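Trainee: Residue strings, one per chain:
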Amino acid sequence: MHEGDGRVSARKTSGGCLCGAVRYEIEGPLPPPSACHCSQCRRHHGALGIYTLAPAERYKIKGDRNLAWFESSPGIRRGFCRVCGSKLFWERIGSGQLDVTMGSIDPPSGLRIGRHIHLEDAGDYYDPPSR
Amino acid sequence: MAQDDKAAVRARGHCLCGAIEIEIRGPLRDVVVCHCGQCRRQHGAPPGYTAALWPNVTIHGEKNLKWYQSSPEARRGFCRACGSSLFWEPIGQGRVSIAAGCLVKPTGLRTVRHIFVAEKADFDEITDGLEQLPHSMSAAAALPPPPTTVDA
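So the sequences go chain by chain: A and B.
Okay, so the first sequence: first residue is 67 according to this note's numbering, each after it adds one.
Okay, so the second sequence: first residue is 43 according to this note's numbering, each after it adds one.
One should not assume that every hint holds.
As the list claims (entries may be wrong) - Calculated pairs, DMTMM-like style, for lysine to aspartate or glutamate (alpha carbon to alpha carbon, straight line, at most 25 angstroms): (1) 147(B) / 130(A); (2) 147(B) / 193(A); (3) 126(A) / 172(A); (4) 105(B) / 65(B); (5) 126(A) / 164(B); (6) 78(A) / 161(B); (7) 108(B) / 130(A); (8) 162(B) / 190(A); (9) 108(B) / 157(A); (10) 162(B) / 91(A); (11) 147(B) / 187(A); (12) 147(B) / 190(A); (13) 126(A) / 157(A); (14) 147(B) / 131(B); (15) 147(B) / 186(A); (16) 147(B) / 170(B); (17) 162(B) / 193(A); (18) 162(B) / 131(B); (19) 78(A) / 164(B); (20) 78(A) / 167(B).
To be verified - Each pair of labels, with its calculated beta carbon distance range: (21) 172(A) / 63(B): 31 to 39 angstroms; (22) 65(B) / 137(A): 21 to 29 angstroms; (23) 179(B) / 93(A): 22 to 30 angstroms; (24) 183(A) / 147(B): 15 to 23 angstroms; (25) 113(B) / 93(A): 41 to 49 angstroms.
Said to hold, decoys possible - Which chain A residues face chain B? A few, computed with CB under 7 angstroms, are given here: (26) 159; (27) 190; (28) 194.
Because the hints were derived from the structure by calculation, they are not lab data.
Note that the structure is predicted; figures quoted are calculated from it, not measured.
Ideal Cβ placement from N, Cα and C applies to all residues, glycine included.
Next up, chain B with everything else stripped away, as it sits in the complex (with noise of 0.2 angstroms):
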């Protein structure tokens, strides 16, 4: 692609099921790993998160997506149907963190970093010598890279 196009489908996704697809317009973010108690739990294992602003993400299917508010400030987002995780999203921000999980391949998307290193489970093992934070990462950090109109 020779530039970003608001309206070309960057990435697709899903459930486990298919009750629930997902197209991402515009940037996402680099992959990030969190290692946090919340997240260990919901998902089962560290999940490796994408993220995107709220206006470039298309939901289909969003009967089937119940949110779950696991603190005041987040929530989760998963299929009723089957139980996979999609959504991580910080309330009122105006953006969303997406399973990398769900996309389809080839995501074009490479992790980056892992987060809450500090409140990492004993069994969990970071072999990758990517960075490692003992805790949350910065706000800009979190955001997806702003878009581009020139090739780089």
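Here chain A stands alone, though its shape is the one from the complex (with noise of 0.2 angstroms):
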């Protein structure tokens, strides 16, 4: 259920990777994701990135021996599961916070896309949204 702000009022959020080797819990309301077009969240992904976002001290990880890390660019990382693959997070390196995967949000999510990005690297094989 969305507030006036566009964000949700649900307390706690739960997720994690296909096989559950990666758990996660996230405290609190989250915001609108952003779906991003770019090329190296098109390549990770083999689909779109669509994140959300889970404040500093706000989230715990379970399993994280199973959480790999790729430097994709300087000081920007990208944690996805070994076992299975799973895309989870998306790291500024020091900045306490965390991208997450919409995808890897137990349903339902009570999310909705606030905004697309980096639309001027879309792929060539969908027309990416207008706005």
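With the hints as a guide, bring both chains together as one complex.
Mentor: Here it is as structure tokens:
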């Protein structure tokens, strides 16, 4: 359920990878996700990168020995499950906050995509939304 | 190109870190977006897949390719170095689905349909007006087209 500012009023969000080796919990409301069309996200996900944001000190990760990180550009790293390959996180290293893939959240998320970004770098095999 | 040449590379792709490179010779299927719960978890979002026959796919850096068997019938291939999703394979059918996001532009591909829309997540929006199927598509539709020898 959305409130006036577009934030959802969920108290706790849970999620994890396909095989269950990595799980997480996030306390409090989450912002509407952004759908990223950049070539890095498209290569990594084989899809758009659709992420919400877990603020610092509001998330806990379980099974993080199975969480692998790849530094995809200076200061940015992407987290995935080394067992099943599920894409979970995008992090500006040192920021403390964590971008979390919408696909990894246990449904229903209660969230709707708020914006599309990097449309100039979209794939040529689909028509990106105009907004 | 006047004709499909078995020796000509139709498309190239690679994972985010470049440890795995692929070349596809022969026809590629149009792109199909899958909204099933397994794809959503593994990719982090609904993926768009093209498809090819295995004999037409060359993989360089295969030691970096890790397979995860996600159901009795299928396995998913990703780069163990960077985590990029590359393949979905229905085991034993001689074909493989290839994540369109890994392909180098221009791909020459178009998205034609959405499948497993019955499992679509609440955040997932379909706004393109393309065909939507509640579950899987037919076996015939899942295959790449046959090679053509005459320019249309």
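Trainee: Against this structure, judge whether each hint is valid.
Mentor: Hints and how they fare:
A threshold of 25 angstroms between alpha carbons decides the hint, and for residue 147(B) with residue 130(A) the separation of about 35 angstroms lies outside it, so the pair is violated. Distance restraint check for residue 147(B) and residue 193(A): the Cα-Cα separation of roughly 14 angstroms lies within the 25 angstroms cut-off, and the hinted pair is therefore satisfied. Among the hinted pairs, residue 126(A) with residue 172(A) is consistent with the structure: their alpha-carbon atoms are about 15 angstroms apart, no more than 25 angstroms. Our distance criterion of 25 angstroms between C-alpha atoms is met by residue 105(B) and residue 65(B), whose separation comes to about 16 angstroms.
Restraint check for residue 126(A) and residue 164(B): satisfied, since their Cα atoms lie roughly 24 angstroms apart, inside the 25 angstroms limit. Distance check on the hinted pair: residue 78(A) and residue 161(B) sit about 23 angstroms apart at the alpha-carbon level, within 25 angstroms; holds. At roughly 19 angstroms between alpha-carbon atoms, residue 108(B) and residue 130(A) fall within 25 angstroms of each other, so this suggested pair holds. Only pairs whose Cα atoms come within 25 angstroms are accepted, and residue 162(B) paired with residue 190(A) is accepted, the gap being roughly 23 angstroms.
This hinted pair checks out: residue 108(B) and residue 157(A) have alpha carbons roughly 24 angstroms apart, not beyond 25 angstroms. Using a Cα cut-off of 25 angstroms, the hinted pair residue 162(B) and residue 91(A) holds, with the two alpha carbons roughly 22 angstroms apart. A C-alpha spacing of about 11 angstroms is found between residue 147(B) and residue 187(A), which places the hinted pair at or below 25 angstroms, so the restraint holds. Distance check on the hinted pair: residue 147(B) and residue 190(A) sit about 7 angstroms apart at the alpha-carbon level, within 25 angstroms; holds.
The straight-line distance between the Cα atoms of residue 126(A) and residue 157(A) is roughly 14 angstroms, inside the 25 angstroms bound, and the hint therefore holds. Restraint check for residue 147(B) and residue 131(B): satisfied, since their Cα atoms lie roughly 23 angstroms apart, inside the 25 angstroms limit. Between residue 147(B) and residue 186(A) the CA atoms are separated by roughly 13 angstroms; this keeps the pair inside 25 angstroms, and the hint holds. At most 25 angstroms may separate the alpha-carbon atoms for a hinted pair to count; residue 147(B) and residue 170(B) meet this at roughly 21 angstroms.
Between the alpha carbons of residue 162(B) and residue 193(A) the distance comes to roughly 20 angstroms, so the proposed pair stays at or under 25 angstroms and holds. At roughly 21 angstroms between alpha-carbon atoms, residue 162(B) and residue 131(B) fall within 25 angstroms of each other, so this suggested pair holds. Distance hint between residue 78(A) and residue 164(B) is fulfilled; the C-alpha atoms sit about 17 angstroms from each other, no more than 25 angstroms. Under the criterion of a C-alpha separation no larger than 25 angstroms, the hint pairing residue 78(A) with residue 167(B) is consistent with the structure, at around 23 angstroms.
The hinted range of 31 to 39 angstroms is satisfied by residue 172(A) and residue 63(B), whose Cβ atoms lie roughly 35 angstroms apart. A hinted range of 21 to 29 angstroms holds for the C-beta pair residue 65(B) and residue 137(A), which are about 27 angstroms apart. The given range of 22 to 30 angstroms is broken by residue 179(B) and residue 93(A), whose C-beta atoms sit roughly 40 angstroms from each other. Residue 183(A) and residue 147(B) have their C-beta atoms about 19 angstroms apart, which keeps the hinted 15 to 23 angstroms range intact.
For residue 113(B) paired with residue 93(A), a C-beta distance near 33 angstroms fails the hint of 41 to 49 angstroms. The restraint placing residue 159(A) at the interface with chain B is violated, with a minimum CB-CB distance near 16 angstroms, outside the 7 angstroms limit. At about 5 angstroms, the closest approach between the beta carbon of residue 190(A) and any beta carbon in chain B falls short of 7 angstroms, and the interface hint on this residue holds. A distance limit of 7 angstroms between C-beta atoms decides the matter here; for residue 194(A) the minimum to chain B is near 9 angstroms, and the interface restraint is violated.
The structure does not agree with the numbered hints 1, 23, 25, 26, 28 stated previously, though it agrees with the rest.
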